[in-house]
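For the record, the sequence lines run as chains A and B.
Quick note on this note's numbering: the first sequence kicks off at 1 and runs consecutively.
Quick note on this note's numbering: the second sequence kicks off at 1001 and runs consecutively.
Take these hints with a grain of salt, some might be off.
What the hints assert, rightly or not - Quick look at which bits of chain A chain B covers, simulated, 3 or more residues with Cβ under 8 angstroms:
1) 51–59
2) 113–127
3) 210–224
As the list claims (entries may be wrong) - Just a sample of chain B residues kept apart from chain A, beta carbon distances all over 10 angstroms, derived:
4) 1116
5) 1149
6) 1263
7) 1326
8) 1459
9) 1516
Stated by the list, open to error - Partial list, derived from the structure: chain B residues whose beta carbon lies under 8 angstroms from chain A:
10) 1259
11) 1403
12) 1405
13) 1410
14) 1424
15) 1509
16) 1514
Please keep in mind that the hints were generated in silico from the structure rather than gathered at the bench.
C-beta atoms are modelled at their ideal positions from N, C-alpha and C, and glycine is treated no differently.
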Amino acid sequence: MPGAVIRARGLVKHFGRGQSLVRAVDEIDLEVAEGETLAVMGPSGCGKSTLLHLLGGLERPTAGEVWVAGRRIDTLSERALAGVRRRSVGFVFQSFHLVEELSAAENVELPALLAGCSPREARRRAMLLLERVGLAGRARHLPSRLSGGQRQRVAIARALVNEPLVVLADEPTGNLDTAATLEVLRIFAELRAAGQTLVIVTHDERVAATADRLVSMRDGMFVDDTRLAAARPRGLGGLLWPED
Amino acid sequence: MGSLLLAVRLALANVRRHPAQAAMLLLSVTVATATMALGLSLHGVSDALYAHTRAATAGPDVVVLSGESGPEVSAALASLTDRPDVVAHHGPYRIVYAELTARGAVASPVVVHGFAERPGPVNRPLVTDGRWVRPGGTVLERGFADALGVGVGDRVTIAGRSYPVVGIAVTAATSIYPWGAQIGPYGGPSDYTGLAWMTAADARALARSRDLPVTTAIDLRLRDPAAADTFRHTVPDDHPVRVFRPTFRSWQFTAQHDKVILRNAQPILVIGGWMLGFLAVTGVATLAAGRVAEQTRRAGLLKAVGAGPGLIAAALLTEYLAAALAGDALGLALARLALPVVAAPTASRIGDAEPTAGAVVAATVLAVAVAVLAALGPTLHAMRTATVTALAASARRPRHRPLLNALTAPLPTPLLLGLRLAARRPGRAVLQACTTATTVVAITVLLTVHAQRERGYGLDGSVALPNLRGLHDRRLMLAITVLLVALAIVNILTFTWTTAMEARATMAIARALGATPGQVTTALSAAQLLPGLPGAVLGVPLGFLVYLLFATGNSVPPRPSWMAGAALGTLLATAALTALPARLAARRSVARELAAEAA
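Pulled out of the complex, with its shape left as it was, chain B reads as follows:
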């Protein structure tokens, strides 16, 4: 207990002494775990939303559709209800294929389901706004209405006829918008289509007014809902419905189909989460490495007063673990808030979204990994150093590198100093290169995503109704890129400031000898920029490769000038960002820096 108290007390003292480092660890872990939890929860949340909608709307276990219509088709479909494994049904009902125009401009394919004014026991759409169908009025599926920007009281034109929108509803009988038509006209393939409901009489009148294509469907509830997937195999070949080439849609199929819109979202978020985690490790590891001497002295002191290896490790790691776990909790809370929007880009489903248990565990493992990877090296170093040596630990001295010295000797003084400083911490230079590469990879993927052409959801692929999946992917990719760039900025500032602090003696000497603040700033910026150069060059092809891993066959690469611009822009931004902490460091009093070094 005493050891725990001591570890906590030391951790709190460290946090008070280095609040910026704790804040950075908290921020990095928060964004990484939130992204990871979002990515890993998507499919589970989609399933949960479907299940919630299904329960709220008495969703059918199987929907049987035929590309044809007429009394024979209806009779054949109705005969399915005689089967002993069918316990309830709704229909048969008419599905009319038409065009819908909203606000006088936005046109979209639509399927109109002809329903009774009093819904049956199966497939009872849940009205979320307004009221259920009545003669002369239409109810729009919520995801479709959202995309159209239409609400209760507005008017829409379907196949040239004007209807008031009397209600907005959701159903689990069809896939989410824009896959409201489960089969196309006459049983063929369907386009991106919205869903609307009318009374059965209005639907019949609509179909007859323009001789529109009509199909027929029936919703079934089975004794064993789990058997819905295999129901179609149990309908014998000589069953009357087979004559009309039925399509069977189980609830499992529909639930799975809901995830089509999230097909790219999950890799974007999961890979984004790993990349953010990586940047978190590099940033925090840099700060931790900058404190090696301090940590080693602390370990020496603890050893001197009789602490064992366990207590020393706990004292040194607790600070990082506590901040990482706090970041994890914050990240999971943010993920919970963002999940409804991220997991359900259409409004076709209802229900609450929670991160899944697996996602919570994975995010927590990521947070702990960030803390341990960042702090393990300095901790082990501190534990392995002999007590007396540890008590007098100081910053690591540079190694003699004759080749580097010979190669850099002819360079201008600021560049020479910058290169020598970068060479002093080769590990940090590698992390700097990786940070730059990660940023350029994200920007390249973003540019590649934006270079793809997409079919809109409007009539004949019109972009008047945007492609929600593409829009969702782009927004997620933009959000991930912004987070990655933000962490990269924090990292670059950290790298530069840490280098500036470690090099303050060198820079103070240079200034005492007549180097101007500009020359000192240039040297520090060069120390950061030089490792970033290979990172930027590698980032472009790596980014395109990452995109190709998940792209379909007809992917379009972005323009080379865009990619070159991304690499160059990243380097210029790095140069500008390094100048700020370098300039601040260059303004510190020379005499005090020299005195501090001598002390």
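In isolation and in its complexed conformation, chain A is listed as follows:
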């Protein structure tokens, strides 16, 4: 597939050994095109989250290859993998995983600072993103003083701060109530409209319905791969970083 942001070939991930061997991901091939929104669905324990971790370089595969933006990452050193995560990938987790010691703004700044951005520029980006997700007024709050929905919006802002090639979201609405879920869906819809590549692991049909493509997983394998018909405008560049 031309223009693939993510490509996986013969991807395998096993945990344990012998009798207790678990084939979390079993011979998966996958390509995600630039600007595509891919939803991965399946029952609990089918390997969705492991697949996401493999694609983002958080886990190393037992076998197979993972390519991000044309660069093979499964053979990279930990240091080089850190560089890929910092520049090419943004993560959104079900449990938010905000750094409890840092304020909302500092959490959003964190990947930018790690990527070598100046503190001033990192703060500018963080404030802009927090404004986009409706949390400018909570920038100085610690995560413990934010609601679940607010935390997830901070996490989404953080995932976007380095303009990643792809955002990998693991059950982004799994811990949210209906109102917060709708707010997150609105943000994802904006991202999709802006051409951001998204891979979303979800149990939620509402989230899956916003995707361009839906793959179903069972026992570590893809059992279905469906292109959804929803047409949407493309190429709304500048949504995230309007010209100064």
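We have chain A already, so just place chain B on it with the hints.
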């Protein structure tokens, strides 16, 4: 009984689950109690060794010495034996002041006692090697022979005459080496001096050969040995012996004088024991604090199934108390092994050394205190938490600190994370600072001890024969410092690992966002190093103050560059040590750490 069984069962399960923590508590308490028991036993053991030597050598109750010699002096001293309170005696005998050279190089002042070939009823030196004096041969006091490195069959030169060493012996009539001369020539002050024996004829010939100074002494046994200290006051002013300005040395005086060599050893060991105990508390308390959530959940579970406060406290404390008492037993056993060497730096006394009852009690109190101080906080917290809350207890969340946040915001990311992590546990940061300060205090005292100039025991203060007291102090101080540094290393590793475990979610998130293992390691190291900085700065003056508390007036401070080096070296070592557990923590799988946090 059932409650006890449950408490023991839970304690054993905890030990199996946290073997490293139990091992650390055992190690810390062992070294602290061993040191404390050694320090507190020193004087008692010194007394016991003297008493044993006195019994084995028919030690006199009083030794009366005169700076002069001759028939009149001997007669005057002998007249003391006519007193009704004197039941036996030895002497009068001649004491010759000379120089002894061994192995052709090592020279020392020596006093030669002229004794009969068959010792009398009082002051019968115990021959520990070889045989007693015979014409032409000399017997050396054991402590002196040890210092000289001389044994039976070797030859020594006394006042230019060569003598074979025919025996090695101990006596309770004189103080331990190097205080063998109880008075100096002509009754003046004495230098560091060894003791040798010859036959009375050989001693007389030796004195005449070079016209050497000679004094006279007599050993007395009293009807009431306890009255030895006051014997001199009962000799009237018009007694013939008063003409010759006698010096009275009671057995109590000699026993007390034996402890001069231990004057610094006791504070070194006792204060060292307290410092080791303190480090033990800080290390174990850190580990215990790292298990607060687990302990609280355990308490909640016990409450839920109907356990009362007593059982809960017993279940939570038994593990610590059992390990501490095991460490105490081990420490006391080690103290027993080390006591003969530590309490008797010279070989002048014989006998077995046992920790005193007081020392055993104090060491056990220290062990229990370490366990209780380390575990009491988490135990009380667990007991006070409501059952439902306790069942869902999790790691403490950080508090909002606007000022700290504002001050640290401009820092590079690893430092910022490190500072925020340190601020999350201010109590631990204080303990970390105290650990560093304790280490620097010990190193500073060690450097100060080494900076002092000491007179050797050789001729004219030559260091060919080292100053045993100074050597003993330095060795003890070195041993204590090594133990303190070892415990501090264990503590630093514990602090870092505990912080790394508590911060694993934070660090996993940072890594998921692109932080390299190096940046994560730097953050964790910074979290340990920053509290250590004030500790290192404070440790230097505190160490010098501790030394001054026990120093004599002419103490020499160590070079400032040494002290600065100690502080800097401690900080660098801390940085290096923190890097290891931090690096190990940074290598854990990010995905699994995140999954564990989410669970």
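(request) Check each numbered hint from earlier against the structure, then list the numbers of those it violates in ascending order. (result) 3, 9, 10 and 11
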